[in-house]
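Student: With the sequences and hints as input, model every part of the structure.
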Amino acid sequence: MKQLFTLCLFCLLLALAVPAFADIAKPRPVPSPAELPRVVLHTSLTIVPDSKAYEARLQITQSELKELQAALGNVQPNNSLTSGIAHSSTRTMLAGVFMFLSLSFAGVWLARSGQTRARKALAALLVGTAALGAAAIIVKANAGPPGSYYWKKLPQNLSKGLPTQGGIDIEIVPDGTDGAQMKLIIPQRPN
Amino acid sequence: MERTANLDLTAWRAATATHTDRQLSVRVFVAILLACASLSALLASWLPLQVSVVTVFLFAGPHNWFELRYFLMRLPVRFGKSRNFFLTAFAGIGGLTIAYVSLPVLYSFGFWPDSAWPTILASWNTLLLLWLALLIRLRSQQKSTSDWSWTVPVALGLCSLNWLAPEFFSLAIVYAHPLVALWFLDRHLRRTRPAWLRAYRRSLCLLPLLLIAMVWQLSRTPALADDNGLFWRITQHAGAQLLPGVSSHVLVAVHVFLEMLHYGVWLVALPLIARQHASREGGRNLRARIWEVRTVPLARHPRGFPRLVATALGLGVFFVVVLWLGFSVDYATARDVYFTVAIAHVLAEAPFLLKML
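Residue numbers (this note's numbering), protein chains in the order written: chain A, 1 to 191; chain B, 192 to 548.
Bear in mind the hints are in silico, worked out from the structure with no lab data behind them.
In this text the structure is predicted, and so the values were computed from the model without any measurement.
Do not take every clue at face value.
To be verified - Here are some, though not all, of the chain B residues that point toward chain A, as calculated from beta-carbon distances under 10 angstroms:
#  : residue
1  : Pro309
2  : Thr310
3  : Ala313
4  : Thr317
5  : Asp338
6  : Trp341
7  : Pro344
8  : Val345
9  : Leu347
10 : Gly348
11 : Cys350
12 : Ser351
13 : Asn353
14 : Trp354
15 : Leu355
16 : Pro357
What the hints assert, rightly or not - The calculated label-pair distances, taken between Cβ atoms and stated as ranges, are:
#  : chain 1 : residue 1 : chain 2 : residue 2 : range
17 : A       : Leu45     : B       : Asp418    : 35 to 43 angstroms
18 : A       : Val108    : B       : Leu325    : 15 to 23 angstroms
19 : B       : Asp418    : A       : Ser104    : 44 to 52 angstroms
20 : A       : Arg112    : B       : Met264    : 33 to 41 angstroms
21 : A       : Asp50     : B       : Arg393    : 54 to 62 angstroms
22 : A       : Leu110    : B       : Gly436    : 32 to 40 angstroms
23 : A       : Asn157    : B       : Ser410    : 18 to 26 angstroms
24 : B       : Gln408    : A       : Met182    : 35 to 43 angstroms
25 : B       : Thr310    : A       : Ser159    : 50 to 58 angstroms
26 : B       : Gly301    : A       : His42     : 39 to 47 angstroms
Claimed, not checked - Some chain A residues well away from chain B (every beta-carbon gap over 10 angstroms; in silico):
#  : residue
27 : Val39
28 : Ser44
29 : Ala53
30 : Gln165
Glycine residues also receive a C-beta, built at the ideal position from the N, C-alpha and C atoms.
Tutor: Encoded structure:
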């Protein structure tokens with residue numbers, strides 16, 4: 001009977017696995033025409049070097065922003081990790097419930113267990129980590145050097161045909177009278 | 192008087208010789224361990240895709256057979272007080288494996304939209320964590336000296352992280368599973384070769400150093416050319432889609448390196464240590480022991496199940512041969528099927544490791 005049961009289990013597993021072509025990865029995603037880059041707005045761009053700026057800034061006029069919003073109306077949202085968390089209320093709620101249960105049980109465990117040195121250290125570590133995390137969020141720690149550090153190699157990179165990557169602040173400015181649309185202000189320090 | 196002195200001297204010489212032999216064997220063990228780990232890291236960094244193909248082809252099936260035999264060796268004839276533990280373990284292994292294997296079937300039928308799959312994946316991961324927490328709870332009831340209640344908040348915390356990013360949690364299992372073999376080796380050494388344990392644990396410090404060196408060396412390398420279906424599957428299995436900012440060369444190399452360690456422990460280290468242990472205990476015909484059903488306590492015991500053990504081991508050999516044939520005919524498909532069905536051995540490791548703690 002036991003042998004038969006074991007044999008049946010193996011057969012069931014095999015029968016499920018083989019026709020399923022189990023865990024075959026999804027086919028390589030072929031970009032559909034909708035996913036290919038497409039022009040949604042044509043405008044002009046002025047690049048201005050600024051020796052007093054610390055961060056690169058992209059200034060967009062209000063009228064242009066409205067045009068952009070209209071053009072982006074039909075674009076599918078990006079399913080990144082952050083947006084996935086933000087937009088999946090069920091998953092976020094369950095994560096919160098489990099986190100609540102975890103902290104509650106951890107508190108009960110700490111309270112019930114004897115105050116040994118190791119546990120005090122663990123509690124201090126937990127509190128310290130939470131405090132550091134909160135402080136990091138508040139002061140925007142890990143911000144890195146100012147944007148001018150990254151943008152200072154832009155002229156050399158442009159002459160060599162290399163890309164340059166750096167942070168940028170996007171500003172919405174009132175419509176100007178000079179007719180200029182977008183303006184990119186790059187921090188540049190004289191050498 | 193002279194005879195007594197000679198006797199003492201003989202005993203001292205014997206003790207010194209044993210101590211020297213032990214020191215030598217520890218050094219040889221550590222040297223082999225470090226050499227194997229370094230060589231694995233080198234090969235995995237050099238040709239990650241090719242080494243991945245070869246190692247899975249050669250060692251995936253046999254290492255599962257050795258694991259099966261190891262688990263049978265550790266299975267008691269009567270469950271006794273561990274009845275609830277083993278029933279929970281087997282029910283969990285069966286249920287979770289069937290659920291995991293049926294996920295691709297359901298995906299192919301298109302029962303749920305793509306947006307629902309992270310939730311389904313998170314549900315399976317949660318069941319896994321809760322099953323593990325229950326097993327730990329049952330095991331801790333048998334060990335009155337140790338307090339494992341801290342594992343409950345840890346399991347719930349992991350559940351929370353899993354619901355935030357289920358795909359990343361699954362990827363973490365892919366990378367963490369090979370390391371469980373090192374834990375098995377640790378527990379086994381503690382029982383059979385306690386003199387080697389300290390050296391083994393020290394040599395484990397090399398592991399993070401090797402990983403850091405691999406990541407440091409390969410992080411600036413271009414992504415691997417995954418232009419054919421097989422190589423693409425390997426990079427996806429290592430998490431290239433989930434971590435687009437990390438070079439797939441790093442991901443595949445690290446994964447292959449950990450897999451090689453895993454196979455090395457199950458195929459070489461544990462059988463060799465068991466053999467040496469058997470020789471110290473006066474075992475005979477060591478070369479044939481691994482094939483003998485009677486070496487498994489479950490089969491040797493008067494009230495044991497020799498036929499069941501023989502059938503299980505025989506079926507294991509059969510599946511290894513079938514796997515090799517499958518790899519030969521259609522490597523990519525056989526690899527996908529293997530890595531899905533192999534979730535059973537990942538799950539089975541948990542209860543047997545817990546029984547050793």
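Student: All hints, please: hold or fail.
Tutor: Consistency of the hints with the structure:
Nearest Cβ of chain A to the Cβ of Pro309 (chain B): about 7 angstroms, under the 10 angstroms cut. The hint holds. Checking Thr310 (chain B) against chain A: minimum C-beta separation of about 6 angstroms stays under 10 angstroms; hint holds. Proximity of Ala313 (chain B) to chain A holds as hinted, the smallest CB-CB distance being about 6 angstroms (cut-off 10 angstroms). Because the smallest distance between the Cβ of Thr317 (chain B) and any Cβ of chain A comes to about 8 angstroms, under 10 angstroms, the interface hint for this residue holds.
Hint status for Asp338 (chain B) relative to chain A: holds, with the closest Cβ pair at about 7 angstroms, below 10 angstroms. Taken as an interface hint, Trp341 (chain B) checks out: its beta carbon lies about 6 angstroms from the nearest beta carbon of chain A, inside 10 angstroms. The criterion of a C-beta within 10 angstroms of any C-beta in chain A is met by Pro344 (chain B), whose closest approach is roughly 4 angstroms, and the hint holds. Against a cut-off of 10 angstroms between C-beta atoms, the interface hint on Val345 (chain B) holds, since the closest Cβ of chain A lies about 8 angstroms away.
Because the beta carbon of Leu347 (chain B) sits about 4 angstroms from the nearest beta carbon in chain A, less than 10 angstroms, this interface hint is met. Of the supplied interface hints, the one on Gly348 (chain B) holds, with its beta-carbon coming within about 4 angstroms of a beta-carbon of chain A, less than 10 angstroms. With a cut of 10 angstroms, the hint placing Cys350 (chain B) at the interface with chain A holds, because the nearest CB-to-CB distance is about 4 angstroms. This hint holds: Ser351 (chain B) has a C-beta 4 angstroms from the nearest C-beta of chain A, less than the 10 angstroms allowed.
Hint on Asn353 (chain B) holds. Least Cβ distance to chain A is approximately 8 angstroms, under the 10 angstroms limit. The beta carbon of Trp354 (chain B) comes within 4 angstroms of a beta carbon in chain A, closer than 10 angstroms, and the hint placing it at the interface holds. Because the smallest distance between the Cβ of Leu355 (chain B) and any Cβ of chain A comes to about 5 angstroms, under 10 angstroms, the interface hint for this residue holds. Proximity of Pro357 (chain B) to chain A holds as hinted, the smallest CB-CB distance being about 8 angstroms (cut-off 10 angstroms).
Evaluation of the 35 to 43 angstroms hint for Leu45 (chain A) and Asp418 (chain B) yields a pass: the beta carbon distance comes to about 36 angstroms. Between Val108 (chain A) and Leu325 (chain B) the CB atoms are about 18 angstroms apart, so this pair conforms to the stated range of 15 to 23 angstroms. Remark: the range hint 44 to 52 angstroms for Asp418 (chain B) to Ser104 (chain A) is upheld by a beta-carbon distance near 51 angstroms. Under the hint 33 to 41 angstroms, the C-beta atoms of Arg112 (chain A) and Met264 (chain B), about 38 angstroms apart, fit the expected range.
At roughly 57 angstroms, the beta-carbon separation of Asp50 (chain A) and Arg393 (chain B) lies within the given 54 to 62 angstroms, and the hint holds. A C-beta distance of roughly 37 angstroms is found between Leu110 (chain A) and Gly436 (chain B), which places it inside the suggested range of 32 to 40 angstroms. For Asn157 (chain A) paired with Ser410 (chain B), a C-beta distance near 21 angstroms keeps the hint of 18 to 26 angstroms intact. Gln408 (chain B) and Met182 (chain A) have their C-beta atoms about 42 angstroms apart, which keeps the hinted 35 to 43 angstroms range intact.
Look at Thr310 (chain B) against Ser159 (chain A): about 51 angstroms separates their beta carbons, and that is inside 50 to 58 angstroms. One distance hint, 39 to 47 angstroms for the beta-carbon pair Gly301 (chain B) and His42 (chain A), holds here, with the actual separation near 40 angstroms. Every CB of chain B is more than 10 angstroms from the CB of Val39 (chain A) (nearest about 25 angstroms), matching its label as outside the interface. No beta-carbon of chain B comes within 10 angstroms of the beta-carbon of Ser44 (chain A); the shortest separation is about 32 angstroms.
Look at Ala53 (chain A): its CB is around 28 angstroms from the nearest CB on chain B, clear of 10 angstroms, so calling it non-interface holds up. For Gln165 (chain A), the shortest C-beta to C-beta distance to chain B comes to about 13 angstroms, beyond the 10 angstroms cut-off, and the non-interface label holds.
Every hint, counting from the list given before, is met by this structure.
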